[in-house]
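Dock chain B against chain A, hints included.
Protein chains: 2
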Amino acid sequence: MNQLASESELHKLNQALDTGAFQQIRFTLNNTLQSVEVAQLLEKSPPKERKVLWKLIHRDNEGAVLQHLSDEIQADILSRMDNSRVLALADSLDTDDFADILQQLPDTVMHELLKVMDQQNRERVEQVLSFPEDTAGGLMNTDTVTIRPDITVETVLRYIRRHDEIPEMTDSLFVISRRKELYIGILPLTKLLVTDPDITVREIMVTEIEPIPATMTDHEVALLFEQHDLVSAPVVDDDGKLLGRITIDDVVDVIREDADHSLMSMAGLDDDEDTFAPVWKTSKRRAIWLGINLITAFIASAVIGIFQGTIDKVVALAVLMPIVASMGGIAGSQTLTLVIRAQALDQVEKANAAWLIRRELAVGILNGILWAIVVAGVAVAWFGDYTIGLIIAMAIIINLIVGTCSGTILPLILKARGVDPALAGGVLLTTVTDVVGFLAFLGLATYFYG
Amino acid sequence: MNQLASESELHKLNQALDTGAFQQIRFTLNNTLQSVEVAQLLEKSPPKERKVLWKLIHRDNEGAVLQHLSDEIQADILSRMDNSRVLALADSLDTDDFADILQQLPDTVMHELLKVMDQQNRERVEQVLSFPEDTAGGLMNTDTVTIRPDITVETVLRYIRRHDEIPEMTDSLFVISRRKELYIGILPLTKLLVTDPDITVREIMVTEIEPIPATMTDHEVALLFEQHDLVSAPVVDDDGKLLGRITIDDVVDVIREDADHSLMSMAGLDDDEDTFAPVWKTSKRRAIWLGINLITAFIASAVIGIFQGTIDKVVALAVLMPIVASMGGIAGSQTLTLVIRAQALDQVEKANAAWLIRRELAVGILNGILWAIVVAGVAVAWFGDYTIGLIIAMAIIINLIVGTCSGTILPLILKARGVDPALAGGVLLTTVTDVVGFLAFLGLATYFYG
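Residue numbers (my numbering), protein chains in the order written: chain A, 2 to 451; chain B, 2 to 451.
Result set (DSBU-like, lysine-lysine): computed pairs, CA atoms no more than 30 Å apart in a straight line:
(1) B:K56 / A:K351
(2) B:K13 / A:K416
(3) B:K181 / B:K192
(4) A:K116 / A:K242
(5) A:K13 / B:K416
(6) B:K192 / A:K192
(7) B:K351 / A:K56
Keep in mind that the hints were calculated from the coordinates and are not lab data.
Computed from a prediction, not measured in an experiment: that's the story for all the values here.
Looking at chain A on its own, in the form it has when it is part of the complex:
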């Protein structure tokens, strides 16, 4: 429902910026819109407008807005804020969210800030920071509501009513042991509300849900939440002591980033890429990716270079050769995408990889034969030469098989070696299909025409 509202909102803001109606903008940003909507507006504003808008946001709202921005934009804004202002953000944010923001700062700045924080806050932030950002420990928050197993439902209800409020996203209370605060089980609020007041927590608590170790990767946490439809889950240390909890709102961000990761990496982009990054920043990043891909292109050219003599004799080869390379590349990248998605969902493992490779081999052969016939037909009709039809047919079959098989095998090898298949897979695959495509087509031609 806010979609349409904020769409015209950007247009209205732009107009107000043009006419210099800053008072009006200030009011909209601080009084009319929710902080998440302000963040959305900032994300879809070009750099100059974004800076002006940020300055018009009231100090008290800065934390709330910042927390909804992507890492890259956070880092950019923080780099222009002075330390006292960054510290003030802690007041309005959850510990885990404030820790996330701190991590966008250079290490030296972060440690300076931690030094001047009051002790209680510092300890809580440091606990979250002691785990890498992409683990359960880095995702968790420490705002758990805990109870003991031997009290009755009535006592629990009385205990809760003493609170002014309980944290958002609290769908269950965590049951911990009296002595060492070890995690024992959870008591869902829905169960608490329907149970007879005399029953004890121990009798109704749920113990099937295994707590999440703080070292689990955020990717695994996300799959767990997805599979078990969790709203919140307890996080424990190696000894089973309750450290905090992870809530679905943070997991949803991980799921979105996880899913975006493959898409963005395959195009050599950051998961978190700022759509409206300035020209210079964008150009630098893209230049690197173009450079890497240029190496692939030069390798392909070098292969063609070997066969200059043959092309000189039969110029039709130059006309048809991109078809062979392109068909192999398309077939390969389809398979590559499928396997990368399957890897992201943890569907591929040793036990089924062999079947996948065999299937892709069969698909490569079938589609190779089909399109070899079509392309050969067109080539013969175009150049009136049966030999060129035969050559291109053989080359296409070879390259489609190579494409589908390496589309499967490459990501498996890369992942086993700890290289991100989404980032490196596409470049390597194109190198293979280009080289094999040109080599097969021009090599066969040299044999037949030589």
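Relative to the frame of chain A, chain B by itself:
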């Protein structure tokens, strides 16, 4: 924590299948594993094993497992089940989940099944089915717990305690008007638990959350849940009458599908593609995508064909021409991916599109100049010909500008015309960068050498 467990689980199951230890498998599937884990195992099994495993699942567990499978696999399994068995699934599933499964059946079969259902069930399923699957109405469930505004917290607590259980994912009760059941507000359980028993619902209910209209798209629903960190939200009809609620577990699936959609469509794959689909099915689908891309390849060849005479004179052109086309394609597809992701997040609109296009123009010029110099240097060194360096430099600048600009403009045009940019964008972009690349390079060469 189940990740590692189920990884070896697949291996163990495969071994058991090989040795024919069906009793053991049956026990594992029905007694050891949770239904979501069984679904995961089915998803990562090749077709033959999948069929055998499915037969070993107990009737009572079929619904629970089916509900966790992707649409394509659901449809495949349902097509081999008889009607009475499909009907039996209704007993173990939520209305919305059962309706989702019914939608995988051919329309005629679905209507036959609805006819023989008992009236109450039929009406509930038909209500969900009356909304398209990809709208709030299609996502919602009807298991709301509703209360009136003028009762006290104590009465609410007593009313709830009369239930044996309240539905999972119930984080708030919905407040509706006494007469027409119009939606008024929500009462979060966390608030209910900390409020003085004498206070009335009206005094503490939250009214800021606007209810979701049943016709809102699931994509918008997902953005709303993400932005506002919701666990559940009320769904209303045009008159404001409460129809049901949407819960975060169903939204998480939409977010995952939404994010996967761009990745999969850009490779011509279904969002929901079965990784382990059989050879024949896979080959047919891939053939179509290869055919579409072949048209692009032939168009590029036709362009090269125009310049056969020039290539015949200077064979080095054939060696270098793929570089020009490839650099334009890479630059273009980076931009295309960025814009498609931004569109999926609703970040691009009229008010900022012009800025994006100008930025990409600038990036194209800057990177064009950089890489033109590099490639020209290599070309001159390789072929000892300054003219070819000049030609390729100019062609690369032209093609990089065309690539980045059409990478931005194409998805904007496609979306405005109601065509999915993720599906059609890549093919069109490659056609543009291939044609422009070859045309610019070989055209300039014809001018300089002609």
